[in-house]
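Order-wise, the sequence lines are chains A and B. With my numbering as the guide, the letters of the first sequence map in order to residues 197 to 316. With my numbering as the guide, the letters of the second sequence map in order to residues 295 to 405.
These are computed hints drawn from the structure, not numbers from a lab. Do not take every clue at face value.
What the hints assert, rightly or not - So these bits of chain A aren't anywhere near chain B, every CB distance computed over 12 Å:
hint, residue
1, Gln202
2, Lys207
3, Gly224
4, Gln237
5, Val285
What the hints assert, rightly or not - Short, incomplete list of chain A residues facing chain B, as computed with Cβ under 7 Å:
hint, residue
6, Leu287
7, Asn303
8, Phe307
9, Gly310
C-beta: ideal position from N, C-alpha, C; glycine also.
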Amino acid sequence: GAGVSQSPSNKVTEKGKDVELRCDPISGHTALYWYRQRLGQGLEFLIYFQGNSAPDKSGLPSDRFSAERTGESVSTLTIQRTQQEDSAVYLCASSSGSGLAGGPAYNEQFFGPGTRLTVL
Amino acid sequence: RKEVEQDPGPFNVPEGATVAFNCTYSNSASQSFFWYRQDCRKEPKLLMSVYSSGNEDGRFTAQLNRASQYISLLIRDSKLSDSATYLCVVKAVGGSYIPTFGRGTSLIVHP
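So that you can see chain A by itself, here it is in the shape it has in the complex (with noise of 0.2 Å):
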């Protein structure tokens, strides 16, 4: 079956301009993340939304940052006004639940492939 996608693969950017990312997510899952991944370190939590409540934006490092979900399909992470240290990778995960119930494998994250963002 399929898998997370994420497009672009790659988005090349001028500082101070806008960029959106977009993630498609495992048909079904109910949890999204958002993460970033700056070149030789570890993931970086960013963003998190679970079915319909309010998704939790503590990872979110500036206010040029933000992101929407459509229910419990597709979601974008726009950046505004990019900053050369935005560069990195951005990563998305699904998975099939919370953790309120069931047992490891119901909390499982399936990454996509990500996007590679450089900023110049």
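The hints should help you fit chain B onto chain A, whose structure is shown.
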């Protein structure tokens, strides 16, 4: 103290060797534990979940020690293809359902 800590390595081992990684976590409410593998310039992929009683999948064995708050991953008979970064992931039940990722341990298996 970081929520999830791992030795970044790299662990440099010959083919056929046995290697073990540990990962410590600080939140005693943690309930779900996983090991993910991330190849260079690729996305993380689930290697195995970690069960309370410990579990094995081929050459890979995962253990959980709740008293000392750490999980371990043992790889036997290392292969060149095992070279990757291994990420420890911990999730608490209640409050935030956001998994916490360690920064990963780099493994290099050489001929």
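Verification of the hints:
1. Gln202: Given that some Cβ of chain B is not farther than 12 Å from that of Gln202(A), nearest at about 9 Å, it is violated.
2. Lys207: holds, 16 Å
3. Gly224: Holds: least Cβ distance 18 Å, greater than 12 Å.
4. Gln237: violated, 7 Å
5. Val285: violated, 8 Å
6. Leu287: Since chain B brings a Cβ to about 6 Å from Leu287(A), closer than 7 Å, the hint holds.
7. Asn303: holds, 5 Å
8. Phe307: Holds, because the Cβ-Cβ distance from Phe307(A) to chain B comes to roughly 4 Å (cut-off 7 Å).
9. Gly310: At 6 Å from the nearest chain B Cβ, Gly310(A) passes the 7 Å test, so the hint holds.
The structure shown violates the earlier hints numbered 1, 4 and 5.
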